[in-house]
Each structure stands twice: as structure tokens, then as C-alpha cells.
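Peer 1: Letter by letter, the chains look like this.
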Amino acid sequence: MNKRNIIFILLILTGIAGFFTYFQSLPSLLEKKPTLVTGKILTRPMEIDNFELIDQNNKAFNNKSLEGGWTVLFFGYTNCPDVCPTTIYKLAEVKNELKEDLPSTTLNTVLVTLDPDRDSADRLDEYIGYFDDGMLGVTGTYENIQSFTSSLSVFYQRINKEDGYDFNHTASIFIFDKDGSLFATMSPANTIDELREDFYTILNNF
Amino acid sequence: MISFGQESFAELELDNAWVRSAPPNSKIFSGYLNIKNISSDKILIKSIKSNAFEKVEIHSSLIEDGISSMRRLETLEITENSELKLKPGGYHLMLMNPKKAIKEKNLVELIIYYETKERIKILRSDALVLRDGYE
Chain A
1 MNKRNIIFIL
11 LILTGIAGFF
21 TYFQSLPSLL
31 EKKPTLVTGK
41 ILTRPMEIDN
51 FELIDQNNKA
61 FNNKSLEGGW
71 TVLFFGYTNC
81 PDVCPTTIYK
91 LAEVKNELKE
101 DLPSTTLNTV
111 LVTLDPDRDS
121 ADRLDEYIGY
131 FDDGMLGVTG
141 TYENIQSFTS
151 SLSVFYQRIN
161 KEDGYDFNHT
171 ASIFIFDKDG
181 SLFATMSPAN
191 TIDELREDFY
201 TILNNF
Chain B
1 MISFGQESFA
11 ELELDNAWVR
21 SAPPNSKIFS
31 GYLNIKNISS
41 DKILIKSIKS
51 NAFEKVEIHS
61 SLIEDGISSM
71 RRLETLEITE
81 NSELKLKPGG
91 YHLMLMNPKK
101 AIKEKNLVEL
111 IIYYETKERI
121 KILRSDALVL
131 RDGYE
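Top line first, the protein sequences correspond to chains A and B.
Residues 1 to 206, numbered by the numbering used here, are exactly what the first sequence covers, in order.
Residues 1 to 135, numbered by the numbering used here, are exactly what the second sequence covers, in order.
Hints are computed from structural coordinates only; laboratory data are not their basis.
Treat the hints with care, as some may be off.
What the hints assert, rightly or not - In silico lysine-lysine, DSSO-like type, Cα no more than 30 Å apart, as pairs:
#1 A:LYS178 / A:LYS33
#2 A:LYS95 / A:LYS178
#3 A:LYS161 / B:LYS85
#4 B:LYS87 / A:LYS161
#5 B:LYS55 / B:LYS36
#6 A:LYS95 / B:LYS87
#7 B:LYS55 / B:LYS27
#8 A:LYS99 / B:LYS87
#9 A:LYS95 / B:LYS103
#10 B:LYS27 / A:LYS161
#11 B:LYS100 / B:LYS46
What the hints assert, rightly or not - Between beta-carbon pairs, the in silico distance windows are:
#12 B:LYS49 / A:ASN205: 50 to 60 Å
#13 B:GLU54 / A:GLN146: 27 to 37 Å
#14 B:LEU107 / A:THR43: 45 to 55 Å
#15 B:ASP132 / A:ASP122: 20 to 30 Å
#16 B:GLU54 / A:TYR142: 38 to 48 Å
#17 A:ASN205 / B:ASN81: 45 to 55 Å
What the hints assert, rightly or not - Chain B stretches covered by chain A per the calculated footprint, using a threshold of three residues with CB under 8 Å from any CB of chain A:
#18 84-98
#19 114-122
Where is the CB? At the ideal position from N, CA and C, for every residue including glycine.
Extracted from the complex, chain B is given alone in its bound form (with noise of 0.2 Å):
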């Protein structure tokens, strides 16, 4: 298991953070991570950004009755003290359109921009450009 991109705030825990590489020419990745609420509230992510890509958009992959589709999510929600994991085949960040070349091995910078109670907080985390990788 490859663990990359840890980092902590007061409300969330960010952990293996990846973005998934592609062929020269690509102009739409994805990318995973955990997030763990360790707060006693639940927390909305509001919007991610990337300094190496135009957009980021949060996306659920779905196979319903047989068929596979893709559901873009305004928000994610993260209850008390649970962790929502982003992996291949399920919740996932697709980044859009690199502002230069992704290349594997390299590190990309995720920004979460997240609610509490309180206000708007953002959180950083460095996400490791891989190939491979499944689960």
C-alpha cells in the first residue's frame, strides 16, 4: 500500500493521495485520497483545486442495473469521525485540462477547500503521479 501526500488539520487527515498518469496528450486524469474527519462534526468539502490543472471536479463512478456511468458531486459530505476513502471504481477527483505535462513519479498539489462550523478552511496535500494501482 503506498501511503503519500499525509497531512493534518485540526478537522481532517489527508492520506495516500495519488493521481493517476496518462499518455502524452491526455487531458483528463484522476486522482484519489482519503479523507478522515477526525472532528466531532460532520465537514463539507466545498471545491478542490490543483496548481497543475485548469479544474478539478469531484466525481462517483457508478455501475447501476449493469450499466456504468459517471455522477459529478457538488459537494462531499464527510460525517463525524468516519473517512471517506477516493479510490478507482468509486468517488474520485477528475482533473481537467494539465497546465503542464503530468508526469509519473512527480508530485501535484491538491487544495481542499473545506466547511466547518466556523467557515471555509483549506487544507493541502502533495499527490504522488503513478501509473499503476487498483484498489
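The following block holds chain A by itself, in its conformation from the complex (with noise of 0.2 Å):
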């Protein structure tokens, strides 16, 4: 074999390997983010128009209040007795959960009140002590919350009863990264354990 064939063979030879290592690398190029069982994970993290709530502790929840942990943020009133109460323990049993798996990330639960007349600091305070006092209750004035709720296209609209009036609203469940940005949506209308697996989803891959 003279010195010609023995660069040609080897030039094929790096060819091959070259070829194979594209093909190897191509399916990670490919994949996508991952993708949630009850919701969407947003293209980009959206950061939000500047807010200012109080919390049941009659501290300030603003922008600033939803960085440095995950958040998981959702809309209600303490008088509809059934829905909030369950999205309340749904997300407290997946919350204890993650803490006892991953016990370094830090997941923050938050019920916004969409009934600021009802709902004062104290009443949101005895509420959320009463289901899951490891949660935040947030309610603000009627512009501040609205001005929140906007920023988020949630949407509700007050129905008034014989007896009092009810709230129809926006169903989903906000999740809010690192930074304060809105990261994804979920359903709460979702089973408990797609719910565990959506949110082992994105604190595993980001």
C-alpha cells in the first residue's frame, strides 16, 4: 500500500467518525424543552409590569417578592368554598413533597384575592393559617389588583347572587422563575399527580 492510499483510507476513516459523531450530537440539537402534562411553559420568561400588594402580614408583595425562589401563584377569594380550599391543598402536598426531594429549591405559594372588599390582610391571614400557613395571602386595593391581574390577562368578573356575589375568573395557576419572571401556566384542574409531575418537570431541567 503506498503513501497516497494510506492518507486516502484515513481521510475516509475521519470522515466516518466525523459523520458519526454529528449523528450522536444531533438529537440533542434537536430537542425541545420540555413540555407540561397541564399547562405551557412560555417560549421566553416574560417579565411583568411593576406591582404592589400586601400580604396577609401586612408586608409589602411586590416584583422583588417573587425572586430568588420559584413561586406559584394563583387567583381566588375566601368565600368560594370549594375550589380554592383544593387548589390550596393540591399545591401544599406537592409543595411538601419537593421540599422533602429537593430540598434546595425553594418553592413559594401564593393565593391573590380577586375580593379585596371581603378580603383585608386579617381575613386572608385566618384563611391561609387555617388551610396551609406555610402560604402567602395577597390582597391590595381594587386598582392595584386589577392593575396585577392585567398584566397577566387574567380575567374576572363579579356575579352577583341573591346572597352575596361569587367571582368568575381565570382558572390557571402562575409559575414564576427565579427572577420574578412568568415562566409557566398550569391548570388546576388537573389531577394531583400530573400537577407533581409538571412541577418535577420544570424544577428538574431549569
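Using the hints, put the two chains back together into the complex; each one sits in its own frame.
Peer 2: This is the structure:
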């Protein structure tokens, strides 16, 4: 075999090796973001407008409050006897499991009321303290709640009844990343197993 | 799975009745139970009352197009040989204005008025007051 042939064979081998390397890395090049069962991860985390609300301890709840850990936030009101406590319990259970499995991850849960007339900080303290004292209950002026909901495209509508009123409102659970940007949305209508799976998908991959 | 408030009558079997407790000063509570129609005719629940609340309504929580809402139902129909489960996030009882303090682990009475082919009948069930539970 002459020198030229050896070089030729080496070139072919290098080509084949290169080809294999390329195809091996191809799946990871094509790989997409993980997807959620109950909702959606935003293509790009979205910064949200400045907001000023207060929590059940009369402490400020604003953009800074979302930073440092993951935040799970949903809207409701304390006169909602069925769906709100149910969502609180589902989230509390997932949060407790995550605390054991991923102790270094901080996951804060927040209920923002749509009913500031009835839900004062004191009322939220009583309500949240009863169902999950590890959670934040947030209220504010009517205008501040409205501007916060509109920055998240949350719809809500007061429905008057014979005795009192209820709200129809956007059901989504909002997930904020450690920078306080909106990262994903989920639906509370799903089972606790599906919600758990989605939280693990997010916290294990990002 | 909790199993409480079992009652049966000619047509209906009630099971797993519970009321979700709420913090002091709450005016509105929710209640759940399984209602099995063991007869071969459909049955209409006409109204529900309770010894512990001034008013009881039948409601349905639903999420439609991403919007969460509650709807009041006048009656509840249970087809023959079938079971209807009132559970968190779906059909439930809305219990309003407690007549006395509703305490965890206590019992409250639910009185169910239902219509068969012949007449209106009454069935009672104890419901256990519980704080947690989501299924």
C-alpha cells in the first residue's frame, strides 16, 4: 500500500468518525424544551409590570417578592368554599413532597384575592393560616389588584347573587422563575399526580 | 378513603358524606357525598337542607375555556342504577350561614328531599366535618 492510499483511507475514516459524531449530537440539537401535562412553559420567560400588593402580614408583596425562589401563584377569594381550598391542598401536598425530594429548591405558594372588599389582610391571615400557614395570601387596593391581573391577562368578573356575590375568573396557576419572570402556566383542574409531574419537570430541568 | 354517613333507603344509597371545615367567621362551606340510585327509575333531588346551616344549595364548579365558575342547580338528576359523586372541584353542596360553630370532626346532618315516581321522600345522612381532602 503506498503512502497516498494510506492518507486516503485515513481521510475516509476521519470522515466516518465525523459523521458519527454529528449524528450522535443530532438528537440534542433537535431536542425541544420539556413540555407540561397540565399547561405550558413560555417560549421565553416574561417580565411583568411593576405591582404593589400586601400579604396577610401587611408586608409589601411586589416584583422583588417573586425573586430568589420559584413562585406558584393563583387567584381566588376566601368566600369560595370548593375550588380554592382544594387548590390550596393540592399545592400544599406537592410543595411538601418537593421539600423532601429537592430540599435545595425554594417553592413559594401565593393566593391573590380578587375580592379586596371582603378579603382584608386579617381575613386572609385567618383563612390562609387555617388551610396552609406556609402560604402567602395577598390583597391590595382594587386598582392595584386590577393592574396586576391585567399584566397577567387574568380575567375576572363579579357575579351578583341573591345573597352576596361570586367571581368567575381565570383558573390558571402561574409559575414564576427565580428572577421573578412568568415562566409557565398550569391548570388546577388536573389531578395531583399530573400537577406533581409538571412541577418536577420544571424544577429538574431549569 | 374516608367512608362515612352511609344511609340507604329503598331507592338511594348515600355514602362518604363530608363537609369541609373553614376558618372562624366563615359564612360559606362546601359539602360532598356520593349518591347511588339503586332503583330502576331516575330520581330527582329536589332540595337539601341541614340542621347546621340556614341554607343549602346544589352547585357545580367548572372550568370552561380556562375560566373557573360556579353554577347553581335547581335539581340534581340521578339516572337509574347509577352513582353521582359530589366531590371537590365538581358538583358540591354550598352550605350557607351556619346556625352554630362548625367544628372539625363534628357531625352535621344533611336532609335530602328527592322525588320518585310516586312522591317526595326524605333521607337523612350525617356528614363528617373535615379540613383537608381534595379527591
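Peer 1: Which of the listed hints are broken here?
Peer 2: 16, 19
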